[in-house]
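Fit chain B to the supplied structure of chain A, relying on the hints for placement.
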Amino acid sequence: MSDREIDQQLVERVQRGDKQAFGLLVSKYQRKLNRLLARMIRDPAEVEDVAQEAFIKAYRALPSFRGESAFYTWLYRIGINTAKNYLVSKGRRAPTTTEIEAEDAEQYDSGELLRDQDTPERLMHTRQIGETVNAAMEALPEELRTAIVLREIEGLSYDEIAEAMGCPIGTVRSRIFRAREAIAERLRPLLDIAPDKRW
Amino acid sequence: MTNEQLSAWLDGELDEDAAARCVQALDQDSRQRETCGMYWLIGDCLRGEAEGGDVRARVMAALVDEPTVLAPVARPKVRETPRWMPMAAAVAGVTFAVWMGLSVWSGPVSQQQTQAVAQLPVAAAPVLASASAPDAATADASAEVLADERGYLMAHQASAMGAPMAGVAQYIRTVSVDQTDGR
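Quick note, the sequences are listed as chains A and B, same order. Counting with this note's numbering, you get residues 1 to 199 for the letters of the first sequence. Counting with this note's numbering, you get residues 1 to 183 for the letters of the second sequence.
One chain only, chain A, in its complex shape:
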C-alpha cells in the first residue's frame, strides 16, 4: 500500500464515523501543515490556531472528499485558504497563489522561519526533541541506523532496502522497527505526554 492509500484508508474510517482515525491524520500532518502556514503567518501561536481551524474545516468537509487528489494536497489547500481568510480578517495582506501552491507546499523549508519566531520555551523544546533523536540515532547499531535512514530520509521501500543491505525483507522490517523503538524510548520522557493530551 502506498502512503496515499494509507491516508485514503484512514479517510474512509473517518467517513464512517471514526473520529480517532482523524486524530491519526492530524498527528501525521500537523507538522507539515504548520511548516506551510508559517510561510504565511509569522507568529507561531497564530500558526497553531490557523492549523487547528484548518483541521476542523477539513473534518467538516470530509464527507465530500472523494479521493480524487491526495489527502495531504486537499488538506494543504484548506490550510492555505484558512490562512488567507485569517490574514484578511486581521487586515493583513495574504500571499498570492503564485507565492504558495498546495502542490509545492512540501518543498518549502519554513523551519528557519518558525525557529526565528518561536518563543524561547518552545524553541528549547523543539531543539531538545531534535537533539534526543540525533543522540538516539548515534547510539543505534550500524545496521539499524542504516535501515531507518534509508527508509525515512531516502524514502526507499523495504524491498529496496533489503537489496541495498543484502538481507531478507523480514530483517529490514525488524531493523526499522527496532530503530524506531530505540528512539521512541528516549523521546517518551521528554514529551511527557500529559493525561489530558493522551489519545
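Keep in mind the hints are simulated off the structure, nothing from the lab. From the three backbone atoms N, C-alpha and C, an ideal C-beta is built for every residue, glycine too. Misleading hints may appear alongside valid ones.
Which residues of chain B face chain A? A partial, calculated answer using Cβ under 8 Å [what the hints assert, rightly or not]:
#1 Glu4
#2 Tyr39
#3 Arg56
#4 Glu144
Here is chain B on its own, set in the frame of chain A:
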C-alpha cells in the same frame, strides 16, 4: 497487533487486509495510537520537519462538539457488461431463428423431396413427373393428389411424430408421406 506491524503499516508495507486490521486495532488501542504518533514524529525529526507545536490534542478536543462525520460509502464498482454483448446476443438469436426456419422450410424439405424422388417406385414417378409437364390433364390429376395429401396431413397433424420446435413455430411437426399406396 504488534508495534512491529504498526511500524510496517505506516511504511505502507502491509497488504490491504492486514492494513485494514491494523487501522481497526488502532481505533481501539490508545497506546498504539500514541506509538504511531511517536513514529511519525521521529520520521519528521529525521527529515528536519519537526517544527511547530502539537495541535492534535486541541483539534481532538474541538471535535468532541462536532457532529460525527458520516459520508455515504461508495458502492464497489460492479464490472459492467460490454455494451456490444446484448446486441450480439440479439443478432445471434435472430440469426438462429432464421436459420432454423430456413432449414425447416427449405433445406431439409428439398432433401426429403430429392430422396423421395429417388426412392419412389416407378408407378409413382408419373405423378411427380406430371407436375412439371405443361399438360392440362396431368396438372389436374396432380392438383387432386396434392389436395388429398394436404387434407390427410391436416387431419393427422396431431398424431405426427416429432416435437414442436421451441421458439420458432410450435405448430410445425414433421411428417412423412408414403406414396406407394397413393396417399
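Quick rundown of the hints versus the structure:
A cut of 8 Å between beta carbons decides the hint on Glu4 (chain B): the least distance to chain A is about 4 Å, and the hint holds. Using the Cβ-Cβ criterion of 8 Å, the hint placing Tyr39 (chain B) at the interface with chain A is satisfied: the shortest such distance is roughly 5 Å. Hint status for Arg56 (chain B): holds, given a least beta-carbon distance of 5 Å to chain A, under 8 Å. Taken as an interface hint, Glu144 (chain B) does not check out: its beta carbon lies about 83 Å from the nearest beta carbon of chain A, beyond 8 Å.
Taken one by one, the earlier hints fail for this structure only at number 4.
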